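Here is how the chains run, residue by residue.
Protein chains: 2
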Amino acid sequence: MPVSKKMAAAIANSSWIRRMFEEGSRLAKLHGVDRVYDFSIGNPNVEPPPEFKRALEEVVRETKPGVHGYMSNEGYYETRAAVAAYLSRDQGVELTASHVVMTCGAGGALNVIFKTILDPGEEVITPRPYFPEYYAYVDNHGGVLKLVASSADFDLDLEAIDEAVNPRTRAVLINTPNNPTGRVYSRDKLEALGELLARRSENFGRPIFLVSDEPYRRIVFDGMRVPPVMQTYTYTLFASSYSKELSLAGERIGYVAANPAIPDIGLLMDGLVIANRILGFVNAPALMQRVVARLQGVGVDVSLYQRNRDVLCRGLEEAGYQLFRPQGAFYLFPRSPIEDDVAFCREMLEHLVLVVPGSGFGLSGYFRMAFCVPPEVVDGALPIFHEVGAKYFGSRSA
Amino acid sequence: MPVSKKMAAAIANSSWIRRMFEEGSRLAKLHGVDRVYDFSIGNPNVEPPPEFKRALEEVVRETKPGVHGYMSNEGYYETRAAVAAYLSRDQGVELTASHVVMTCGAGGALNVIFKTILDPGEEVITPRPYFPEYYAYVDNHGGVLKLVASSADFDLDLEAIDEAVNPRTRAVLINTPNNPTGRVYSRDKLEALGELLARRSENFGRPIFLVSDEPYRRIVFDGMRVPPVMQTYTYTLFASSYSKELSLAGERIGYVAANPAIPDIGLLMDGLVIANRILGFVNAPALMQRVVARLQGVGVDVSLYQRNRDVLCRGLEEAGYQLFRPQGAFYLFPRSPIEDDVAFCREMLEHLVLVVPGSGFGLSGYFRMAFCVPPEVVDGALPIFHEVGAKYFGSRSA
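Chains as they are written, first to last, in my numbering: chain A, 1 to 398; chain B, 1001 to 1398.
Treat the hints with care, as some may be off.
Claimed, not checked - Chain A regions said to be covered by chain B (calculated; three or more residues, Cβ under 8 Å):
#	segment
1	4-11
2	61-74
3	237-251
4	264-273
5	280-289
6	293-305
7	364-376
To be clear, the hints were calculated from the coordinates, so they are not data collected in a lab. A quick note: this is a predicted structure, and the numbers were derived from the prediction, not measured. Beta carbons: idealized from backbone N, C-alpha and C, even for Gly.
In isolation and in its complexed conformation, chain A is listed as follows (with noise of 0.2 Å):
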């Protein structure tokens, strides 16, 4: 066998969003891609906005000698400087650029967070459902994800992280605007667990780490606000990316940022720029770190993803199916209305909808859908959503 036991696992059990997005190709090619409604992948449709456009060019007439070459393995100064001085005013927490380690995209900050902070064994809690690839990113470090409950409304189950934790706890990992809920955390929810996180980690002598992970910070919808996670828990790791609220997903350019009142922060990043470096990444891409630079507090028109989401809950709603309304982030995790996600999943397939089982996020019962998608296929899904959900809740007056 050519790979590993443990990649021939992998392999078998792909993720079913990877598989939705396979099988949705096949029946595109099949059908024609206008009669099929994916809603499988969360690779945001709306264009990067204009500035994005104008700082690339700028970016690409610079002839500086070396501008293409390695730079520090924690990124350009400029660039993390121009990272921190947004942070500073997002969070109120006043951070330098030596707080900011550029990484390629949020996936890899996760990947250089966890390299950096865990030892074989220990856990990372995370509440279901959850982003699958949370698996793999602790996974690859020695390290074992531990699922917990979420409240029905998919907020912060305090009590049962508080129960979860255990002395091989090495961080809580949540992820706000969340994929796949569109849940935003509050700020009283997220000073509670501080105070959770603090207590625990007083009574096993050793640091609990909060890391979030934000990459859908600026996608959010009705004027909402997620809240500063920095002023809540001292031992805040935050990771994001460009790759939603510039739509740059491709590019693969992000960042962790360190609490700087975090004790002995120093050495912590230099563990991150080591990790940095000797996971392969070596740094986030020169380019696009110098394009980001110029786009601190720019992001993508949130207005379609907004009008999806209305358009599409008010849709599913009168069909009859129950869900909670996204608050950010571009996906929704409604209730499947049998309790076979998997089968619901086929039977919308046969109808050319693809929309991804619960199970595939920890959380069996429940369906996801991306809604960064084109507006027609919002609008030619929902009748079929409609026909399929009269068979199991009877037929409705809307």
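Using the hints, position chain B against chain A.
Chain B in isolation, oriented as in the chain A frame:
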């Protein structure tokens, strides 16, 4: 402690290359950058070729929707097809796009390979002196790097490799042209290595991979050509990048290619694609994928490297240093005039010349010079090497 035990050790033992690089920055600030002769780091100083600039501008002008978004994790079909066509000519082996995965540089490619093929405790054999990041690239994925001797002139020592191979051996890792020695392995040697690996694989009933790391493939001197490794062994994985051949080290663009003759290659490619995704690379940077697709077969002007190699080797030999003349890459690995290479490098540092102890590459009694530097750095440093050399070798007529 805010980092894992393992990371704390890695920080304490942080690489010699890195320490010298930082010492160089400190000295440059203190004495002025023109007075410091820095041979510590392999960051190409030759600018990308003019074709690169044109291709980059073209790609930036194109504004198809989604060009900065995710593509399939293995990379754009067009890019992989272009790489496959180039490699097919170069290796004399018929590759298609399906045999190529685009990665974040060769460092990313090697991590992806080892993540795919290694089960815990499996061994990867590499000859010393070796590129020290290899230790981490193997260790990251639960493997063990096993060092074997090279011949006196840094050629492969097949007996040493044969002796080191055992049932836990999953791969032999070579780097040609070699960092730090500049050695290019001959076709005869590679064929003999291929025979050895085929024989031992058969003994054990399980294939041993040959992983060939070739980012310096096009940086060769005196009309040398790097032999096509895929012709010499079936289970060959080829890692490379555009970091050196197009001077794009900071842009993180490279690839893995697999020998199409590998049995069950579909499973292997699936594994490589999943590894690329779950390590957090997700995909190689989109924009640079589109750029390099247009630049297959284009390379930087190596005449500066050749000039530096010629002047440096002649000058050091005249001063009494023993060395192997590099056939490729931009590194020189001379014998230290005294057995204690660290002491010698410290002594050179007092003269503001930065070279890295061979101990950092697993072979004490030598030192490494990266000659990807302006010619005046070579010219300015040679009198100092003469002066220090005279102390140990006696004065010379040169």
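Do the hints match the structure? See the list:
1. 4-11: It holds, with 7 qualifying residues against the three required.
2. 61-74: Our answer is that it holds, as 8 residues pass the Cβ test (under 8 Å) against chain B, meeting three.
3. 237-251: holds (count 5)
4. 264-273: holds (count 6)
5. 280-289: holds (count 9)
6. 293-305: This one is violated; 0 residues, fewer than the three required, reach chain B with a Cβ under 8 Å.
7. 364-376: violated (count 0)
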